[in-house]
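*Asks:* Residue strings, one per chain:
There are 2 protein chains.
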Amino acid sequence: MSPGKEVFKGVEWRIRVADGSSEVLVPATGFARKTWRVIKGLISGLALKVWMFLKRAWAIAANDPRKVIHCIKVGLALTIVSLFYFMRPLYDGVGRNAMWAVMTVVVVFEPTVGETLYKCMNRVCGTFLAGFLAVGVHWFASRSGERFEPLVMGASVFLLASAATFSRLNPSAKSLFDYGAMIFILTFSFVAVSGYRVHKLFDLAHQRISTIIIGTSLCILVIMLVCPIWSGQELHSLIVHNMDKLADSLDVCATRYFNHSGECTNSNEEADKKLQGYKCVLSSKATEESMANFGRWEPSHGQFNFRHPWKQYLKIGASMRCCAYCIEALSSCINSENKAAESIKKHLSSSCLKVSSSSSSAIRELAETVKTMKKSSIVDLLVGEMNSAVQELQNDLKSLSYLLNPSTTPEKKKLETACIEATTTVPLMEFIPVVTLASILIEIAVRIEAVVDAVEELAKSAEFRIDDDDKSKQSKIKDKIVSEEEKIEGTTKALQRV
Amino acid sequence: MSPGKEVFKGVEWRIRVADGSSEVLVPATGFARKTWRVIKGLISGLALKVWMFLKRAWAIAANDPRKVIHCIKVGLALTIVSLFYFMRPLYDGVGRNAMWAVMTVVVVFEPTVGETLYKCMNRVCGTFLAGFLAVGVHWFASRSGERFEPLVMGASVFLLASAATFSRLNPSAKSLFDYGAMIFILTFSFVAVSGYRVHKLFDLAHQRISTIIIGTSLCILVIMLVCPIWSGQELHSLIVHNMDKLADSLDVCATRYFNHSGECTNSNEEADKKLQGYKCVLSSKATEESMANFGRWEPSHGQFNFRHPWKQYLKIGASMRCCAYCIEALSSCINSENKAAESIKKHLSSSCLKVSSSSSSAIRELAETVKTMKKSSIVDLLVGEMNSAVQELQNDLKSLSYLLNPSTTPEKKKLETACIEATTTVPLMEFIPVVTLASILIEIAVRIEAVVDAVEELAKSAEFRIDDDDKSKQSKIKDKIVSEEEKIEGTTKALQRV
Numbered sequence: 000m001s002p003g004k005e006v007f008k009g010v011e012w013r014i015r016v017a018d019g020s021s022e023v024l025v026p027a028t029g030f031a032r033k034t035w036r037v038i039k040g041l042i043s044g045l046a047l048k049v050w051m052f053l054k055r056a057w058a059i060a061a062n063d064p065r066k067v068i069h070c071i072k073v074g075l076a077l078t079i080v081s082l083f084y085f086m087r088p089l090y091d092g093v094g095r096n097a098m099w100a101v102m103t104v105v106v107v108f109e110p111t112v113g114e115t116l117y118k119c120m121n122r123v124c125g126t127f128l129a130g131f132l133a134v135g136v137h138w139f140a141s142r143s144g145e146r147f148e149p150l151v152m153g154a155s156v157f158l159l160a161s162a163a164t165f166s167r168l169n170p171s172a173k174s175l176f177d178y179g180a181m182i183f184i185l186t187f188s189f190v191a192v193s194g195y196r197v198h199k200l201f202d203l204a205h206q207r208i209s210t211i212i213i214g215t216s217l218c219i220l221v222i223m224l225v226c227p228i229w230s231g232q233e234l235h236s237l238i239v240h241n242m243d244k245l246a247d248s249l250d251v252c253a254t255r256y257f258n259h260s261g262e263c264t265n266s267n268e269e270a271d272k273k274l275q276g277y278k279c280v281l282s283s284k285a286t287e288e289s290m291a292n293f294g295r296w297e298p299s300h301g302q303f304n305f306r307h308p309w310k311q312y313l314k315i316g317a318s319m320r321c322c323a324y325c326i327e328a329l330s331s332c333i334n335s336e337n338k339a340a341e342s343i344k345k346h347l348s349s350s351c352l353k354v355s356s357s358s359s360s361a362i363r364e365l366a367e368t369v370k371t372m373k374k375s376s377i378v379d380l381l382v383g384e385m386n387s388a389v390q391e392l393q394n395d396l397k398s399l400s401y402l403l404n405p406s407t408t409p410e411k412k413k414l415e416t417a418c419i420e421a422t423t424t425v426p427l428m429e430f431i432p433v434v435t436l437a438s439i440l441i442e443i444a445v446r447i448e449a450v451v452d453a454v455e456e457l458a459k460s461a462e463f464r465i466d467d468d469d470k471s472k473q474s475k476i477k478d479k480i481v482s483e484e485e486k487i488e489g490t491t492k493a494l495q496r497v
Numbered sequence: 000m001s002p003g004k005e006v007f008k009g010v011e012w013r014i015r016v017a018d019g020s021s022e023v024l025v026p027a028t029g030f031a032r033k034t035w036r037v038i039k040g041l042i043s044g045l046a047l048k049v050w051m052f053l054k055r056a057w058a059i060a061a062n063d064p065r066k067v068i069h070c071i072k073v074g075l076a077l078t079i080v081s082l083f084y085f086m087r088p089l090y091d092g093v094g095r096n097a098m099w100a101v102m103t104v105v106v107v108f109e110p111t112v113g114e115t116l117y118k119c120m121n122r123v124c125g126t127f128l129a130g131f132l133a134v135g136v137h138w139f140a141s142r143s144g145e146r147f148e149p150l151v152m153g154a155s156v157f158l159l160a161s162a163a164t165f166s167r168l169n170p171s172a173k174s175l176f177d178y179g180a181m182i183f184i185l186t187f188s189f190v191a192v193s194g195y196r197v198h199k200l201f202d203l204a205h206q207r208i209s210t211i212i213i214g215t216s217l218c219i220l221v222i223m224l225v226c227p228i229w230s231g232q233e234l235h236s237l238i239v240h241n242m243d244k245l246a247d248s249l250d251v252c253a254t255r256y257f258n259h260s261g262e263c264t265n266s267n268e269e270a271d272k273k274l275q276g277y278k279c280v281l282s283s284k285a286t287e288e289s290m291a292n293f294g295r296w297e298p299s300h301g302q303f304n305f306r307h308p309w310k311q312y313l314k315i316g317a318s319m320r321c322c323a324y325c326i327e328a329l330s331s332c333i334n335s336e337n338k339a340a341e342s343i344k345k346h347l348s349s350s351c352l353k354v355s356s357s358s359s360s361a362i363r364e365l366a367e368t369v370k371t372m373k374k375s376s377i378v379d380l381l382v383g384e385m386n387s388a389v390q391e392l393q394n395d396l397k398s399l400s401y402l403l404n405p406s407t408t409p410e411k412k413k414l415e416t417a418c419i420e421a422t423t424t425v426p427l428m429e430f431i432p433v434v435t436l437a438s439i440l441i442e443i444a445v446r447i448e449a450v451v452d453a454v455e456e457l458a459k460s461a462e463f464r465i466d467d468d469d470k471s472k473q474s475k476i477k478d479k480i481v482s483e484e485e486k487i488e489g490t491t492k493a494l495q496r497v
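Sequences listed follow chains W and X, in order.
In this text, residue positions in the first sequence follow numbering that gives the first Met the number 0: the first is 0, and each later residue adds one.
In this text, residue positions in the second sequence follow numbering that gives the first Met the number 0: the first is 0, and each later residue adds one.
No lab work stands behind these hints, which were simulated from the structure alone.
Among the hints, erroneous ones may be present.
Copies of the same chain look alike in the list, so a pair counts if it fits in one copy or across any two.
No more than 20 Å apart at the CA atoms, straight line, and that leaves these computed lysine to any residue pairs for SDA-like [claimed, not checked]:
1) 273 with 237
2) 66 with 162
3) 397 with 340
4) 173 with 52
5) 48 with 176
6) 48 with 162
7) 48 with 175
8) 173 with 289
9) 66 with 175
10) 48 with 171
Since the model is a prediction, treat every value here as computed from it, not as a measurement.
Isolated chain W (complex conformation) (with noise of 0.2 Å):
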């Protein structure tokens, strides 16, 4: 191609002067246009990630408002203590030293009571802990003459930090003081180093130690009576949610197998978001031990007193992601690929369903005893209607091997074996899928009872007290399981004429 008959690819500007003829506007050709395509694709890049950060931050201060009333309280504690620079009076009591107080606001400021309060504490004590030893080494180390000092300062700080740390790499340590831990070292290296220097040490550690004082007292002021967030009350909001969760899953997971193309096709992504409440359960282990953690820290508050047994939310936290763990394979038979004759899932989906509903009872009803901090006598109850619905899963099972071998069939049994007369043709194959699922519900009541175990264990140590209107709950729990034995009897019966 000739030079001069070069294609102009892209767009042409052009511009209409005002005498009528019009300009070609010639592009920034070469670098320069490079330059600016490249400034533009990083500051729309840049713009689109800002605003991508803003509208998660939307969501997530939509979704918990606290949060956003921790930054404030954060944003208050700080200014309160910048204080003691603005304000003359303050400042020439604490002078130069009141960085510390704003310093302690800062990493002590945790979003609960209980962390903060742990964190506080941990401040106070390791800062008096190594100041005094601090200065005790100092002292020796003075006496050992000019030309020891560094030496006996120096292995103090290398056995000291060497030890301190080693605390921290121990479990039951780390959860009680590792931070204790960090700020003894911190303390003890910079007031045993600069003591050989700054000579008035006794100045320098009651300074410190009066601002440390001064911000954790302001902290501790600022997070409990601002809108506080208590570490053990939300342990026992998340052990409660997480016990209804697995109560909506359990549900959803029966129905859904059973109910395949039922009536809650409308709902579905209500119940596909309950059949998922199970993972919760799974991964909430860490939130759990950190908030007992936490929780003991805390001064009585609401319903808690001060020594609340927070251990034992955890042993009911095992005790339920050991039912989430059926729970999972108990999905997983929902979605598998080996279909159950319906026949068979005819013959057993009551029995089934009823011991999902009664086992989700259970858990329901553990929840609201966890919740309201009542003893009830219904969970026995529904401990047994559980139980007794196992049992009829167990006979029902029973009945289905009569099939093996007809002629054994008793004269009573000949009624009930009648409705699956039908299935005799059905492989086996077709059996396991039903058989596996409810071998897993009937495991899952077994597991239930050990969370009722563990509910019953924490309202004798937190001295639950006893369900002023029992019997009128009673009677209503009598009258909701026939309500929903009918209820069942009802889908079993719609599935009977599918």
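Following the hints, position chain X against chain W.
*Replies:* For chain X alone, coordinates are given in the frame of chain W:
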């Protein structure tokens, strides 16, 4: 009882004096005695606690000597940074701000390289950013008149602290710059506020940044040169170990069920430990996530490049947890109260054991693939083997179904059913446990394929090499499969003889 005839309760201490007579040592009574007892109790209690602590510490140290090395490293880094105080020329260079270097070492030094780098980067960036911003705000505030200056400063502290705190609550930001945001708040409030009093603001900022850089460089040098522990390498090993544990659990689970009174009685404790291996997989989610998070800060090391796909390890971990849920259900089958009929066990044991052993071989081969970072074509062979074992198990299950209707048994099936002729009187209830176990085993095989996919994706994105000695390995693996089949046949025969 008369006061003169009081029976002396407790031990009487007598001392024989030189002249042969003896004197009764009257015990210190009342308050002194009680106090002594309390003190003695306290001291012995404390001594016992210290002793237990030391014992636990020793166990931790013996279990993982790298923890001790980490402690020594912390001590070393702190001692080196202390030199800034002890040595005149260095001290003159940075002055009293040397404490920032000490503080940096204490707070950023973590056990793994990744975590230390993360904290170093965050500390440096957070300090820089906040410093610049604070100086800017300070300049603006100083222009607004003496009266408004504290107001502007206070408002800026409030707003920026709240915003930075909010960014810490965003999960995706948290993993990337949680620590940096805290340092940002700290530095900003510190510089902005003290700038109001300290007029040599730039000097302060310069010294603070240089000391922080000294501290972080020292940390990076010590952590990377003295026995470095890499987060990435740790994650890599954790995944490999977890795979091996999963395979062990699966093996022990199946053999224990089918070979309860078998030969492995004297190594029972070891088998118990192996059986519990899957629990490590269940509980390692948080560890995996934090390691993957820190791994991306690490430079190229060992077999890993800078941008090694650590996130992919999380996917492998998640798919392994799905297997572990099933193994949990499997292990509950072992402890189930419903005993299965021995005849059914015998009939299915061979194919069940084959599924479990081929599944565990597949997992072990995956572990080997990840460990050596070499693609292996044997995995496909083993997965094929696993699938054919699953097919065989399904056929065996199907063959059970002919028990329902012996009349439909085709000629070619007669031979197969011959061996289970005796079971025709077995009630279905005694089928259920084995059938449940079998279907869980099949589900495990399905989930292992998800692990295979995840590992293959890793092999793709991390560009694993192709194994050179593949052919010798293939023939080896074929021999192994044959020998395992012989072993299982032996076990089955032994079982049938019982």
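*Asks:* Are any of the numbered hints broken by this structure? If so, which, sorted upward?
*Replies:* none
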